[in-house]
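There are 2 protein chains.
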Amino acid sequence: MYRTHTCGELRLADAGKEVVLSGWVQRVRDKGTLLWIDIRDRYGLTQLFLQEGVSSAEVMEKARTLGREFVIQAKGTVIERESKNPNIPTGEIEIQLNELNILNASKTPPFTIEDKSDGGDDLRMKYRYLDLRRNPLKNNLILRHNVAIETRSYLSEQGFIEVETPCLIKSTPEGARDFVVPSRMNPGEFYALPQSPQQFKQLLMVAGFDKYFQIVRCFRDEDLRADRQPEFTQIDCEMSFVEQEDVLNTFEGLAKHLFKKVKGLEFDKFPRMTWHDAMKYYGSDKPDIRFDMKFVELTDLAQGKGFPVFDDSEIVVAINAKGCASYTRKQIDALTDFVKRPQVGAKGLVYVKYNEDGSIKSSIDKFYSPEDLKTWLDRCGAVAGDMLLILSGKTMETREQMNCLRLEMGNQLGLRNPDDYKPLWVIDFPLLEWDEETQRYYAKHHPFTAPKPEDEHLLDEEPSRWAEIRANAYDIVLNGVEIGGGSVRIFNRDLQNKMFRTLGFTDESAQAQFGFLMNAFEYGAPPHAGLAFGFDRLCSLFGGQESIRDFIAFPKNNMGRDVMTESPSTIADAQLEELQIKLDLK
Amino acid sequence: MYRTHTCGELRLADAGKEVVLSGWVQRVRDKGTLLWIDIRDRYGLTQLFLQEGVSSAEVMEKARTLGREFVIQAKGTVIERESKNPNIPTGEIEIQLNELNILNASKTPPFTIEDKSDGGDDLRMKYRYLDLRRNPLKNNLILRHNVAIETRSYLSEQGFIEVETPCLIKSTPEGARDFVVPSRMNPGEFYALPQSPQQFKQLLMVAGFDKYFQIVRCFRDEDLRADRQPEFTQIDCEMSFVEQEDVLNTFEGLAKHLFKKVKGLEFDKFPRMTWHDAMKYYGSDKPDIRFDMKFVELTDLAQGKGFPVFDDSEIVVAINAKGCASYTRKQIDALTDFVKRPQVGAKGLVYVKYNEDGSIKSSIDKFYSPEDLKTWLDRCGAVAGDMLLILSGKTMETREQMNCLRLEMGNQLGLRNPDDYKPLWVIDFPLLEWDEETQRYYAKHHPFTAPKPEDEHLLDEEPSRWAEIRANAYDIVLNGVEIGGGSVRIFNRDLQNKMFRTLGFTDESAQAQFGFLMNAFEYGAPPHAGLAFGFDRLCSLFGGQESIRDFIAFPKNNMGRDVMTESPSTIADAQLEELQIKLDLK
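Here the protein sequences come in this chain order: A and B. For the first sequence, this note's numbering begins at 1 and goes up steadily by one. For the second sequence, this note's numbering begins at 1 and goes up steadily by one.
Bear in mind the hints are in silico, worked out from the structure with no lab data behind them. Everything numeric in this text was worked out from a predicted model, so none of it was measured. Check before you lean on any hint, since a few could be wrong.
One copy or two, it doesn't matter: identical chains are merged, so the pair holds either way.
Below, computed lysine-lysine pairings styled on DSBU-like, alpha-carbon distance capped at 30 Å [unchecked claim]:
id, residue 1, residue 2
1, Lys452, Lys107
2, Lys107, Lys366
3, Lys340, Lys394
4, Lys62, Lys452
5, Lys394, Lys138
6, Lys116, Lys31
7, Lys452, Lys422
8, Lys322, Lys374
9, Lys263, Lys75
10, Lys394, Lys294
11, Lys340, Lys361
12, Lys294, Lys31
So that you can see chain A by itself, here it is in the shape it has in the complex:
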C-alpha cells in the first residue's frame, strides 16, 4: 500500500496517527540538525519533519539525497507543528518521519513547479506533463471536469440523451476546411473528421430522439489564429417540437445551472438584444455588456457644418468615456494610434472633452462651436469630466472600429473584470450574408437555419431584399465572447430546396452534398432547433481567462503542432503504400 492518506487531508485532529504519504518533493530545507521536506500530490502539500537524534541517521541521510520532484513514500506520525502555516489546509500539522522510500528519482525540472513558474511558453509546452503539475493548470482541468459533469447532470435531468455520433464521416466541401482520413479499405476514398455533428444531430431528430446532446470533439483545418485549436470540444444539443423560446429557456437554464454549481453565482433572466441593436449600439454581434458606453450616432448633428471628414461619412458615432476629460495629449495620441492600427483600421480619432470647469475642448474646434458640441455631449449623456471619442466613415466599418475602441476604453478604465459575468442573448441574426468577392449570398449560420416566418416571403422578392431576412438564430454571449449559438432548423423540404437555390446550389449539387439529410427529411422530419456551446471557451471564461490553451490538457501550437510528442510527423513509406497515396510536395 503506497499511502494511507493524500497530501491534502491531514489536520490537527489526526495528530498521533501513523500515516503513509506518497508524492513529489516540492522542496527540502536542511538546517543541519533539523530538516523539512514538503511533499506534494494533486490534493495538497504536507510538511515532513526530521530531527537529528530523533529520526534515524539512515533516514536523515536519505532525505539529504532528495532533489526537487523526486517521488517518495513517507511513513511517520502526525504531530502538531510548532510554527503553523495558516495558508494551507494542512498547515497545523507535520509528519515526524520514521521511514523514507525513494520511489523514483527525478532530473532537475527545466522550470519551477510553482504557481508562478519561471518557464517560458515554449519550454512549458514541451514539458507539458511538468507544467500540468502546477496548481493553475491542474485547477483549470479540474474546473473543466466539473463543468462537464454539471452539463451532463443538468441535460440528463431535462430528458436529454447523450448520443455519440461518428468521427469518421463524409467530407462536405461547404464551410471550413475538413481534416481528411484516407481509407485503406476503400482506396482513393477519404473520411472527414467532423467540424460539428450538425447533420447527425438533425438525423437524430428525424429518428425521434427528441432531446439530444453530446460533449463532442470537433475538428477544423484552419490557419490558426492565436486562440484557435485544430481540435476543440462542443456541447452540442438539439431538440424536437420546440420553438426558439423553448431553446433559449432550456440553455439559459443550463448556463444558470453551471454558473451556480461551478461559480456559486445566481442570475436573473438573461437580457436579450437583437443582432441589429448589437451592431448599432456596440458594433459587434457579441457585445461586452459588463460596461455601458453604448454608441451614440451624431451624424445628423455633425454633418453640414463644413467638416469634410464627417460630411463625407455615412455615419458619425461617439462613445462617452466617463471621467476621461483629464486624458493627456499623450494618452489621446495613444488612442489615435490604437484606432489607426491595421487591425482596427480607422483613419483618425476625434475627441470632445467636457472639462470639469464646464469648458469644452475638442480636436475639431475649428469647425464646431461650443454650442454645437454641447448638443453632442447632451445626446451622449456626458457630464463635466467626460470625454467623447468619435469615429466616422462607412457604417459597418466604423461600427467595427468603434467596437475595438470601446473595448480598449473598457480595459483602460478597468470595466472588464473577468470575475464579473454578464451573459446576453443576441437574437434575430440575418439569415444571409452577401459576399462581395464571390458575389453571392452565404448562410450566416448554416444552410439549415430557418428564416423567421414573418420574413420568409422576402425569399420570393428581389435578391437585393434578401439581406433583410432575419433568421431564428441566436448566440449566447458572455463578457464579449460568443460561447454558443444555434438556430431553429428548416424541417420542410420545399423551404429547404428554396434555401439551397437562394445560396446558389443547383438541385444536383445540393443533393450531392446533403442528399442523405434531404432524403431523411422526406420521412417525417419534426420541427427542431438546437444550439452548441464552445466548451473550451466556456471553461476558460469560468476560469477567468480568455485563452483556451491552458484549459486543454495537451493543446497544439499555432502551426497545429504538439511540441511535446513532435506530432505531426512523417510516416513510413509502407503506410503510404497501403493507403495508396503518395506525397506530392511542392
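With the hints as your guide, set chain B onto chain A.
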C-alpha cells in the same frame, strides 16, 4: 407551443384535460364513423379518437389523408377509453380530437417501424434514422446513455477526473494499424488517430493527476471482423500510487455500480482466476463461467492402451455434458462436424456415454474396457445419464478446440442465458508472447506492462524462460466476453529499457517511438496502473446482446462504410493539392 405533454405520459387521472401532443403516426384505423390514430414519440404511444358527428368533418377528412410516419400535432380532450389496453402505460385513456395539424408528411417508409421490423439489415442501415425510431434500437441508445452517466457518476465520486486527450496524435508503427490524417500546415507530415490514449494517460500520471478517466473514442484501421468497428469507445482509466489489488477493487466497484444502477443486480466479490487456470480449465482467457463443464485432463488414463490417436497426443481432455447420454447418433455426428469445421479445427471427437441403465458406450470401445472408461467418468464426476466429449492433440490447440465445443454445448443445453451475468477477473497473464513467424517475443498487453516483481529476475535468464514471466496484467470478463483489461505499468526507466530490449527494440528505435514518454519518466514518474473497458461491448452485454452494432447510433459496415451517408467518398482534387498528396491507386 407544439405540445403540452409527450405521447407517453397521460393517465386516467388526466381525464378532462385539454392537451396538445406532437409525434409520428404509428397507424390509423378507419371504421367509417369511428377513426383512431396512434401517435408516437420517444416517450410512448397515445391513441387519438375521432367520431363522426362529434369531431368536425374537416378533422375527419384530414385524418383520412394521414399516412404512416406523418408528423402531426393533435389537440383534444383526454377521455377514458372504452376498451382499455393494459399493455401500454397510456392504455386507459385516449384523446378526443378537436384539431389536427400535419406538421410534415412522410413517404411510406421502406420497412415497418415496429419492434420486429420487416426490413433487412442493409435496408435498415441505409435508413438508419428510421431504424432508430424502433423501440429496440432507441432503448439500446438510452441504455448506453445511462451506462455513461453512471460510469461518470461513480468515477467522479471516487475522485477520478475526466481529462480529454487529443485525437490528432503522433503515429506509432507498433501495434495495430493507425488511421492517419495529412497535415496541410506541415506538408508531408501526418497525425494519427489514437488507438487508445495509453501514452497520454501515463503522462497524466507523471503530471500528478492521480486518478484519470475518459470515455473516449478510439480508432483502429483493421480488417474488420463481424463485430469490430473502425471507431469504438473506451472507458479509459489510470491511477497513481496503487497496486494491482487497488485497481481490481476500484473497477470491480465500478462494474458493481453499473450492474446495480442499470440492471438492478447486486453481486458479491467477483471471482478471480489465473490465466493459467483459465487456459487449463476453459481453454480460453475469457471463460464463460455461467456454466461449469470444466475441462478434465485424461491424458494419464487414456494413454498406453493402444489407441494411437490418444497415444500420439500431448493432451487428452474431456468435458462432461450433463444429461446428454440420450444424444442420438445424428446429434453426435453434428457435434463431430462442428469440431471439424476449419474455424475449430479438430480432427475428430470421441464420446463416452454413461447410460441411464449404468451401461457405458463409447466411440472407442475397441480400445478401452468399461472399467477403463469408468475411471474416466469418475474423474469427470459423471453420473448415469451424462456423456463425456473428448478431444486430443497438441495442448494449446486442443484446449482452444475444446473451448469452442464447450461453448457450443453450453448453447445447446441452454446454459448461456444473456440475462444471467457472471463476471470474472482473469489475472496473471503472461508478460510476453512468442511469435513463431517473426521469431521474437511481443508484449502480450503492451510494452509498458510491469512483470510481477517475483518473476522479474527471469528477464535476465535465457530467452527460453521469458515465456514463464507473469505480468501484473488483468482482464475483466463477462459471460465469456472480455469487457476490459489493464495492467500495472513500469515506472522505472531501467526496467523499461530492459523491457524494450527484450522486445527487440534498439535504444534508438525505442527512443524514436516512445521518446517523449521515456523522457517524461525521468522527471519523477509515480507508480501507476490502469484499465480500459470496451464501452460498446459493455453496453451490448447490458442490453443482453453480443453484437455491438445496434448499440452504436451510426455504425459502419464490414468494409468500414457508412451506407447511409455514403462515406468514405472521393474528395476534390483541390483538397488533395492543398494537402500535397496524391492518389497512387494500384
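Hint check:
no., hint, result
1, Lys452 to Lys107, "between (63 Å within a copy, 27 Å between copies)"
2, Lys107 to Lys366, "neither (70 Å within a copy, 74 Å between copies)"
3, Lys340 to Lys394, "within (15 Å within a copy, 85 Å between copies)"
4, Lys62 to Lys452, "between (75 Å within a copy, 27 Å between copies)"
5, Lys394 to Lys138, "neither (47 Å within a copy, 54 Å between copies)"
6, Lys116 to Lys31, "within (26 Å within a copy, 79 Å between copies)"
7, Lys452 to Lys422, "within (27 Å within a copy, 57 Å between copies)"
8, Lys322 to Lys374, "within (16 Å within a copy, 105 Å between copies)"
9, Lys263 to Lys75, "neither (38 Å within a copy, 43 Å between copies)"
10, Lys394 to Lys294, "within (18 Å within a copy, 86 Å between copies)"
11, Lys340 to Lys361, "within (22 Å within a copy, 102 Å between copies)"
12, Lys294 to Lys31, "neither (62 Å within a copy, 66 Å between copies)"
In this structure, the earlier hints numbered 2, 5, 9, 12 are contradicted, and the remaining ones agree with it.
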